[in-house]
Structure formats: C-alpha cells, structure tokens
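Asks: Per numbering that gives the first Met the number 0, the sequence shown starts with residue 0, numbered consecutively.
It is worth saying that the hints were derived from the structure and are not from the lab. Idealized CB from N, CA, C, for every residue including glycine. There's no promise every hint is true.
Stated by the list, open to error - For each label pair, taking beta carbons as the anchor points, the in silico distance ranges come out as:
id, residue 1, residue 2, range
1, A29, R156, 47 to 57 Å
2, A67, E95, 43 to 53 Å
3, D64, T4, 33 to 43 Å
4, T71, R99, 24 to 34 Å
What the hints assert, rightly or not - Calculated cross-link-like contacts (lysine to any residue; reagent style SDA-like; alpha-carbon spacing at most 20 Å):
id, residue 1, residue 2
5, K166, A29
6, K166, N124
7, K72, G62
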Amino acid sequence: MPRGTTFAQFIRADLVERHERRCESAQCEARYGKNKEPIAERTITNTWIPLQQVLIVRLGRLGWDRVAKEATKDRRLVPYPEQIDLGKFLNEGNEEHMYRLDGIVAHRGGTPKSGHYVAAARCPNGNVYCVLNDEMDVEYSLSFATMQDPIFSLKARFEPCVLVYSKI
0 MPRGTTFAQF
10 IRADLVERHE
20 RRCESAQCEA
30 RYGKNKEPIA
40 ERTITNTWIP
50 LQQVLIVRLG
60 RLGWDRVAKE
70 ATKDRRLVPY
80 PEQIDLGKFL
90 NEGNEEHMYR
100 LDGIVAHRGG
110 TPKSGHYVAA
120 ARCPNGNVYC
130 VLNDEMDVEY
140 SLSFATMQDP
150 IFSLKARFEP
160 CVLVYSKI
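Produce the complete structure using the sequences and hints provided.
Replies: This is the structure:
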C-alpha cells in the first residue's frame, strides 16, 4: 500500500481509478503513425463489474531495497474497517455494496525471510472470532479487536497482509 494512502483510497485505486497513459511503444507507432508530436495522452478507467461475493485485499508489504539489495517489509500500521461500503466508489447512484471483514492473514517478523503467519476468522455465527495459529490451540474471542490484532496476548505485533471481506 503506498505511503500516505488510507485504506479507502487504496481500495478505490483498485476499484475505479482514472489515470493518464501515453502510448509510445513500437506497436503504437505502427498503429497511429510516427510523428514529431508526442502521442496524445488518454484516460484509462479500471472498474470491477460486477462486485464479487468475496473481496480479497492483499496489502503490498514486501519491497526491495535497491541500495542494500535485499527484500524489505513494510511494517506500518494500516487501519482497516470492519465494514466497508464499496458503493460509494462506483457510479451506481446510492446503492450500497456493503462488505464485512471475515478474515485476515497476518505476519510477525522484521523481514520477509523470517517470522510467523497467523490467521483470524469470523466464525459462521458472526459473533465469535477465532485465531488460527500453529503454535497454540485455537483461541476464541467475542471482540472484533481480535481481527485487528490476532495475537494480542503474545504482546507481539502482527501486520496484516491479506484481508478477506464478504458481501453482506
């Protein structure tokens, strides 16, 4: 997720984003002709139609340090909501497209090469959350905070890398 971007902005960029592109490839020259004027910019719009029942959001936490020539991990805190209305990002009037966070995959560790993954999921009844961790028995909780910090009892910070939202 780009620095300085909110979760809503990140989702919007994937749903509907308008940006300018300039076509300067050999294929464009062959198609549109070669001239001294730069080929005009064009607007591109990305849209998901229709919205799916399950929305999987991958937070890009891995990067590459060109100076050190090694993989890096973005450990910034990323606030994410329990529910999100994707309808406000679409041009469909006031129709709601509500999604609820039902699962996360999180990683603890300073680098991409080491650490531990855990998952937290909402149980089918919708009121209980469970933490799936191969280092201990399944833990259950009645608090949504479990989805925000799945292993709060270990006093170790797990950064979410995958969020699973379901349409409600």
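Asks: All hints, please: hold or fail.
Replies: We went through each hint and held it up to the structure:
{"no.": "1", "hint": "A29 - R156: 47 to 57 Å", "verdict": "holds (53 Å)"}
{"no.": "2", "hint": "A67 - E95: 43 to 53 Å", "verdict": "holds (46 Å)"}
{"no.": "3", "hint": "D64 - T4: 33 to 43 Å", "verdict": "violated (20 Å)"}
{"no.": "4", "hint": "T71 - R99: 24 to 34 Å", "verdict": "holds (32 Å)"}
{"no.": "5", "hint": "K166 - A29", "verdict": "violated (45 Å)"}
{"no.": "6", "hint": "K166 - N124", "verdict": "holds (15 Å)"}
{"no.": "7", "hint": "K72 - G62", "verdict": "holds (6 Å)"}
Of the numbered hints stated above, those contradicted by the structure are hints 3 and 5, listed in ascending order.
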